[in-house]
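*Asks:* Quick mapping for you: the protein sequence lines, in order, are chains A and B. Note that the numbering used here has the first sequence beginning at 1003, numbered continuously upward. Note that the numbering used here has the second sequence beginning at 19, numbered continuously upward.
What the hints contain is simulated information worked out from the structure, not anything from laboratory work. Computed from a prediction, not measured in an experiment: that's the story for all the values here. Do not rely on the hints blindly, as some may be mistaken.
To be verified - Not everything, but these chain A residues come out facing chain B in the computed CB check (under 10 Å): (1) Ala1148; (2) Ala1149; (3) Leu1210; (4) Lys1276; (5) Asp1279.
Unchecked claim - Which stretches of chain B does chain A cover? Using the computed rule of at least three CB atoms under 8 Å from a CB of chain A, they are: (6) 75-82; (7) 127-136; (8) 160-170.
Every residue, glycine too, gets a C-beta built ideally from N, C-alpha and C.
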Amino acid sequence: MPETPLLGRRSILRGAAVATTGLVIGLYVPERGRAAGRSEPLAPNAFLRISPENEVTVVAKHVEWGQGIHTTLAMMIAEELDADWGQVRVVPAPADPDLYANLIFEAQVTAGSNSVRNSWEQYRRAGATGRAMLVAAAAQRWNVPAAEITVDQGVVRHSRTGRKATFGELAGAAATQPVPTDVPLKDIGRFRLIGTQGVHRLDTPSKLDGSARFAIDVTQPGMLTALVARSPRFGGRVASVDRAAALRVPGVRHVVQIPTGIAVVADTFWAAKKGRDALDVRWDDTGAETRSTTDLVTEYRALLDRRGDIARKDGDAERALAGAAHTITADFEYPYLAHAPLEPVAVAVRRTRDGVEVWTGEGSVQGAQEGAAELLGLTREQVTVHSVYAGGSFGRKDGTTLEAVEILRAIGGSAPVKLVWTREDDLRHSFYRPMYVHRMTVGLDRRGDITAWHHRIVGQSIFPWEPVNGVDWVSVDGAGNIPYDIPNILVDLHTTQTGVPINTLRGTAGAHTVYSVETMLDDVAARTGRDPLALRRQLMSRDPNTKQIEILSIAEADRPTVFAEFPRQRRTLELAARRAGWGSRLGRGRGRGLAVHYGFLTSVAMVAEVTAHRETFRVDRVVCAVDCGIAVNPDIVRSQIEGSVAWGLSIMLDGAITLDRGVVQQSGFHDYRVLRMDQMPKVEVHIMPSSAPPKGVGQVAVATVAPAVANALFAATGRRVRRLPFSAG
Amino acid sequence: MTLRLTVNDQRRRVETDPETPLLWVIREQLGLTGTKFGCGAGVCGACTVQLDGKPVQSCSVPVGDVGRQPVTTIEGVDGPVAEAVRRAWLELDAAECGYCQPGMIVAAIALLRRKPHCTDKDIDDALRGNICRCGIYDRIRAAVHLAARKLER
């Protein structure tokens, strides 16, 4: 199974800033199951329990933040177990990296759109193991050959003798069977749950009646609420603080300094907020970031004229450009972006008799555990992490647990504490998708064929630890691996330094790189009088893996993962075009545009339709084709793509975090606008049939939204936008 | 000061500063955590409750202003419309992270009570105040239509 290059292990644990020894976990089912007595549940491995009450409990090693992973993991076990979907429930795994590591990252982490991919064999095998033990128990009890026993929808049967039993009836006996080590898995043709319609999410019911519990909902007897006053400028420090006025606010219990600022700890949220409002803090901006967005843009733009570190080189693009019959050049600007999950960051923590207990929605359960242990001088085992539902994350909740632990420590563990960020806190003191500027220069010969392609990118590096040729591939992903057969390609990168904290954000790299690539290709089509679909098909006529590439600045092991499996990507494009009715007439003021992308091992193609008015436009329809390998739950895949369309439109239309002398100017959903119901187009998702193992779907489709819409707007109006968001003008 | 509230058909007494937003009284003092905090400025809809049957943003209503108006939270919505909405949402799995859903559902119920035969435009107008960051608006729209059809039967 190939590794995604998009997140390294160190970066995964970065939030907790802990060095850990390397865990070596292969693709196997850890056997911490127990042989047990007859009234005991069957627990053949760390992922599955079957109770005498006939309940199948799946232990989910990945955090549920809306992507449907709890349901998807449960389906993989239920499939091989031949369970009845109605008897299946899910519980989140405790922190235990030996058992619950993400097999790609080798750490207990949910990130990088690889949750299904890394669990695909492991979870199915967990189910198959359970099934084999139930069958063995039945064979023994009925004194019949195991091979004659069938299992279907939670019932174990021997048809010749007419005997049958539920899982619950067999659980105790099955628990006494030896745990088999190498059970076969089903051929995909025999799947009854995986890939079928109508398997409903297990988390939906509790999310409709208010009973689903998020970190912000955690309550404990005597629990206090903490808000933190943080430096208005990144890198600023507390110079002095007058706590008196805050402490006079009724309900305020503590005002304490922690590394990130001053925490006001009170009986209620409102008291903590009033206390924080009353707080008088002076900040020392020595060493803080004090530049404005306009300053950064000027500095970045100056770098566009200089050669950067080479991310990709095929042929000699500079020479080919010098000899081109025509060239097209364009610059692009992409702002900082905030994740703004609807549940702001919240983390609850309390001291227990011999350790601490933490409730968090962050993706690195291991980082939270190790970080808390290190901070408090505890062993890992003394830190219990409850991985609760996250009310969205999109990258935002990474590494957020420790601030709450700092507060608990600062108040001497005297009461349970819940840290809550307000929306203003969330937008002003976050880490952000970096700001970038790009320059693209394309050379054409006399016939209009592309002879040279030069893409220069300027921006901060999210994963700076292991650059190749000076390049963090995440800065160029989607640009360095374009699928197009162009003879001379140069992609280079200037990695900048600022004091603005940064992180991944749903659809990280593609959300800027693919915009430049796909809108530029559209310009080439317009300039040369070609159809955008025909141009792309022509440029996709050769497998990019067969191309002679002189430099590709990515770790050798990751190289095979960055180009689409040929010709999957072209077929995806053709499917989207066909379903969208590409080439058919649209009415006046309407336009259609397309874009393609390959990321997280998934191919995606999108066609957008817009209606332009004098000053505004509306996105009417988005048609998406996706090749993500086997879609374990097709409806969850569709839902993720629908959501990606909204996410991509938010980024495109209004998403911008800007700085005024180092201070973030946005403070709420009034000035950091996100997509709303009345802006949402109709979305159609077409999943390519596949028998390949599942790939990533949570983020990949974000990349194609803005370029497809921008190209549609161009088709409708001739207007080309190269500075995002569109509302920036 | 002591305030008397009617929440989900129950009389409750709370000891609080009357300026405290209704949201935090509901969540922290009454223990009804289904109603969510999203922005604190009345612009995201996560905290939507019904006040005398009308959807309001509880983060922006001082509890002292509630008076005798009955408050209905996600935990307390019931009746045929609420039932139809829940069944439609379940059928279409119209939730991802689910954090916006209590507010979304409370607002959708209020819409369908007011306008049982709603158009896309009615839905957009009624729910545009409710942000879903997971972005499954198209599915939520379809779920409202499905709930309306269930109520017709």
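*Asks:* Hints broken by the structure, by number, lowest first?
*Replies:* 1, 2, 5, 6, 7, 8
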